[in-house]
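Colleague: Now that you have both chains on their own, put them together as the hints suggest.
Read off the chains here:
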Amino acid sequence: MSLDLLLDLGLPGIVFLALCIWLVRRVVRAALTERDLERDRLQGGLAEELRTARARAQAAQRPRPTPVEAATPRDPVPAADGRGANPARSMRALARSVPAIAASLAVVGLSRSVYVHFVAERPSDLLRPRQAFNEELRPLATLLPARGEVGYVTDEAIQSPGGEWQGPKQRFLQVQYAVAPVVLRYDEDRAPLVLVNATSEKSLNELVARRGLIVVARVTSGLAVARPK
Amino acid sequence: MNALSAVAAIVLGGAGLAAAAFPERASGVCDRVLRAIAAVVFGLGAWSAGYAASLLAFGAGESVRVVKDLAIALCGFALIAVRRRPAPPQVSGEVDDEAPRWLIGVFAVACAVFCLVFVEHSIRAPEGGFDAWMLWNSRARFLARAGDDFRVAFSPRLLFWTHQDYPWLLPGLVAQWFLITRTESPAIPAAVGLVFGAATIAVVTCSLARLRGARAALVGGLAVASLPCFAAIGASQQADIPLAAFVALAAALVAMAVDDRRKPLRPLLLAGFAAGLGAWTKNDGLVYLISIAAALLLRLRDVRAAAIFALGSVPVLALLCAFKLGLSPPNDFLLFTTRADLVARFVDARRWVEVIRLTLRQAVYFQDFALWAAAAAVLGVIIRRNLRADPAPSVLGLSVLLALGCFGAIYVLQPHSLKWMFWSSASRLFVQMWPAAVVALVAAVPWKGAAIELEDR
Chain Z
628 MSLDLLLDLG LPGIVFLALC IWLVRRVVRA ALTERDLERD RLQGGLAEEL
678 RTARARAQAA QRPRPTPVEA ATPRDPVPAA DGRGANPARS MRALARSVPA
728 IAASLAVVGL SRSVYVHFVA ERPSDLLRPR QAFNEELRPL ATLLPARGEV
778 GYVTDEAIQS PGGEWQGPKQ RFLQVQYAVA PVVLRYDEDR APLVLVNATS
828 EKSLNELVAR RGLIVVARVT SGLAVARPK
Chain P
789 MNALSAVAAI VLGGAGLAAA AFPERASGVC DRVLRAIAAV VFGLGAWSAG
839 YAASLLAFGA GESVRVVKDL AIALCGFALI AVRRRPAPPQ VSGEVDDEAP
889 RWLIGVFAVA CAVFCLVFVE HSIRAPEGGF DAWMLWNSRA RFLARAGDDF
939 RVAFSPRLLF WTHQDYPWLL PGLVAQWFLI TRTESPAIPA AVGLVFGAAT
989 IAVVTCSLAR LRGARAALVG GLAVASLPCF AAIGASQQAD IPLAAFVALA
1039 AALVAMAVDD RRKPLRPLLL AGFAAGLGAW TKNDGLVYLI SIAAALLLRL
1089 RDVRAAAIFA LGSVPVLALL CAFKLGLSPP NDFLLFTTRA DLVARFVDAR
1139 RWVEVIRLTL RQAVYFQDFA LWAAAAAVLG VIIRRNLRAD PAPSVLGLSV
1189 LLALGCFGAI YVLQPHSLKW MFWSSASRLF VQMWPAAVVA LVAAVPWKGA
1239 AIELEDR
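Which chain is which? The protein sequence lines are Z and P, in order.
Following the numbering used here, the numbering of the first sequence begins with 628 at its first residue and continues without gaps.
Following the numbering used here, the numbering of the second sequence begins with 789 at its first residue and continues without gaps.
If you are wondering where the hints come from, they were derived from the structure by calculation, not from laboratory data.
Note that the Cβ used here is the ideal one computed from N, Cα and C, for glycine as well.
Treat the hints with care, as some may be off.
Cβ-Cβ distance ranges computed for the label pairs, FRET-style [to be verified]:
no. : chain 1 : residue 1 : chain 2 : residue 2 : range
1   : Z       : 784       : P       : 1099      : 46 to 52 Å
2   : Z       : 775       : P       : 852       : 23 to 29 Å
3   : Z       : 784       : P       : 1127      : 24 to 30 Å
4   : P       : 912       : Z       : 640       : 41 to 47 Å
5   : P       : 1151      : Z       : 749       : 42 to 48 Å
6   : P       : 1125      : Z       : 756       : 49 to 55 Å
7   : P       : 973       : Z       : 644       : 43 to 49 Å
8   : P       : 1115      : Z       : 775       : 16 to 22 Å
Isolated chain P, as found in the complex (with noise of 0.2 Å):
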């Protein structure tokens, strides 16, 4: 029964939502593979993200995880039934064309290296990277071993370096899974990090295929299968990639409501629940779901489009409100800064000054990025006309400059060692907006006719 509820809730629940976001009917193989994709990750966000509510609300129960798995299955069976079938929506950058088979032969061969990548690194090591035993699978063993007492996971007695602050949607799907199958197996870990990488290759390649036709398709999803750190992040369990998942998924489908001439408002109400489902993910989350909404105030000037962006993050906000003034974790950010450090810091030009420099070093990190992340910048400035021109790369394109602004002042404002907080986090920060950028940059390619800019206006 726990696990068939459990396999339920996840479908139903996240076929409800992506019936929600996807209104019309499918329009080919890409669109219906986007929305089987979409539904996996709507549906594991929407598992988890209940788990945490029905833990802090009701405690530790079977009875209650199987009640809220049923709710979440119900909730989606309904989304199911209201839906209305319009036909597919026109985007106005839609291309129609036919990818060359070399294309699709180095695409499946990423594919495969991305796959086999992933095998390797988990055999290798089996616990996972560094944070994924720090913190997400350790938080994972606290809730499914603590039953009744979960909250001694985020203790302020327990030491600060377990960052009992952190969102815990990750370790809320791993737990449940601990849960039911009644192992501690680093199968489970590894294998919800394989869903979450590939399903992130598929929104950016299949998102692209529906805006911009195949080929520039397949060039955004050989951009993140064919990232180095793409699959040893994923295989390392940690969160960024689940976070990566959302961001994109929140990316492709504001991309679409902007590009689509109706201006649909569900498909942005998702992107606000799928960009919350990233902040319950990590900290982090907050601010590519901060930065989106601003990005759609300020490109498309439509005080709407963003309100109903904010609005689908509400309820995932309401949970994160909850958590944090209810369970009140310690924050190391908060623990180790008085105001005066953060003026300190804030004046401190070398400061700004290294965060730019180690910046511009990591664009050029063969050894995480290949040449993807320098080929992106110079691909950036080429295009640059058509990325503020075309509204919907433009919104995804200043939102990942937001992003990357805001992560730039955290780094100088925040308390270790700047060198040492930069390297050990950078690569991940990079994976996790990649998606997103890729989504942007290729769509701001004029593939055919499509473009609204002209280079040479």
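Just chain Z, same shape as in the assembly (with noise of 0.2 Å):
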């Protein structure tokens, strides 16, 4: 097992854990204080005379009958609006909790961006950027015209929908980005002007010698622009 993905798997899991058990212990610290309250509630040295006091008071408030006015129809009791009203107690729990579980979550996804942006990719790259593919093909721009059509030929073709090799498709649109404005016109050999973009120089003569073109100039290893013969 690698060590990365000892530490995308393990570390997340310990945190998830750490989390779970902080949770539950959380909820069960709220259960045994509920217990223990509901449990108390009658009992120490008020709780005789509070028993008492009770049942002395619902004996003076029994009703007595009394004659009362006939019904009368009233407005109606409006619609109850719950928006003031308080959510449950696990509710409020939670609502009290998610700004520590929130800052847990963050505190895991930032130790994994930086794990990989500042410890997995070297920070001294940095300083010494690569250079951007657009540069290695700037060339490319004094050999085509500005606007129009170009051919375009590689010995590992784009696969169709379906396919996921992306590699010949990747190449392709790096010169489609590199040349634009000019429209590259995939597997057409009979343009007036044809890109061959090879996976090494051999592969590039066989190509060109398969396709009966000839190399106009050279771009970067693999690239050449070529006319047809």
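Modeller: Next up, the structure:
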């Protein structure tokens, strides 16, 4: 198992477990507190006095029969508006916990970002950024017309929909990006100018010969501008 | 003149639209920041949409662009001039709380890491990610370099992998700055990505501050800023982060309009406009636009609200129709699909099962989402009753679910390899809808005594 995989799965797993334990602990503590409060409600020094007073009050306030007016229709009671109501205790506890949980999740996410961008990818490379592919392809601009269409042939065919190998497509689109607004005509070898993009110099020479082309200029290794014989 | 008129169009156009969206006086610092950010997002979107409209109608002349800029600036100025300034609204869930300092600290660290990752990624990959140079920046180059021949950017003679049918809000923005600065510096698309990324975090944070208070705001902001793939996708100069910003703004405006007891219509109108700009950013944006309109209709049973929202998107949808019908760019979905293929894919149960399996796997895809997606799913289950009962989160939550369902169906029906298509796009789809989902989920948490639903009812 590679270190990357271990870090990717192990560290979040530990944090996730810790979060679960922390949450379960909070729930258990809340439940215990609730039980204690319920148990102690009628205990202690004042409990007996409270019970006696409550019994006396109930006896004194027992209702006597009195005549009442006939019921009259009133205005309908307005519909209950729950917007001001307090949410249940469990929901309030959740709302209190959300910032801490979110902060924990953020720490996990930020750790992942920092690890990928500043540890796995060497920070020293930032001081020596690689050359943009656009720079490598810049000479093409002087070899091709400013507008119009140019043929494009390659030794590695771009797969039709359903295929998963993206390399040839990526190379084609990098060249298209570099030469815009010239339109590259894929697999067209009879245009006045044809770009030949091959995986090696040897393949390029074979491709040029097979397609009946003559190399006009070489741009980079495996990339050349050609024309039909 | 060119740069000045561009800045005037973005600032005044955006400020005018923001003034229309928030007609009342600002109620605090967060509210002011929210308006400023909304102005930036609206301004950039309107400026790019105006560029596309003027290009299609009058060509690529520099004078056309300047006149277009002045027209946008004047419209924005007029919107600011005619606004009324009523008192700030009393939103139902308004909570006047204070956030703990440690939470503010974590949020500040998250924002700092977001910026650092952005800079790091931009140095390592100055051309951006795969889609950036394959589609967005490539199209920007076509538009900037081709002049009046700009239609070649959408030519059927290009290979279909250049996705000529994709809308061009982002290329329009980048191309205009290429033309104004007379360079094609990769710093331009990177800066655009940074602005939209930061705006998305700010929209989520400030809208939640207005809706549910400071703690909710920081939780929402953290959820977006510390999502590992958020900064990386933004720095990759892809259109998904601008789309996320428009969807987040639309979601925030819808939530505020629904939460406001006065049921104002203008925020809904501008929410529709923001969602329309999302549709002009990527085809996926249409899914969010339809999902939000459908959620308004289904959850609130309010035809007027849904109609006003849809009305707001009409100007941008008209532009989209003019592009799709006028230039008829080829679409790979249609190019490789017959009716028989569609039916065959639709009735293939294995594809549906595969999409569900891949989605479940994606929810715990630590590399991109850390534990956020799984945590959001768990929170959604715990507060499901609040999510259903509280109107604003309910509308947003349903719209996200509808969008998820639509994308699931699109995955099943599309002609490419299902596994490849899913793995190459699912994280970006997640990022597009994540800010709106965060607003929905965080707003549904009963931060104080403001929630509608009682869990134990």
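Colleague: All the hints need checking, so say for each whether the structure fits it.
Modeller: Against the structure, the hints:
In this structure, residue 784(Z) and residue 1099(P) meet the distance hint of 46 to 52 Å, their C-beta atoms being roughly 49 Å apart. Between residue 775(Z) and residue 852(P) the C-beta distance comes to about 25 Å, which sits within the given range of 23 to 29 Å. Taken as a hint, the range 24 to 30 Å holds for the pair residue 784(Z) and residue 1127(P), whose Cβ atoms sit roughly 28 Å apart. One distance hint, 41 to 47 Å for the beta-carbon pair residue 912(P) and residue 640(Z), is violated here, with the actual separation near 29 Å.
Here the CB-CB span from residue 1151(P) to residue 749(Z) is close to 31 Å, at odds with the stated 42 to 48 Å. Distance hint check: the CB atoms of residue 1125(P) and residue 756(Z) are about 42 Å apart, inconsistent with the given range 49 to 55 Å. Look at residue 973(P) against residue 644(Z): about 47 Å separates their beta carbons, and that is inside 43 to 49 Å. At about 19 Å, the CB distance of residue 1115(P) to residue 775(Z) agrees with the hint of 16 to 22 Å.
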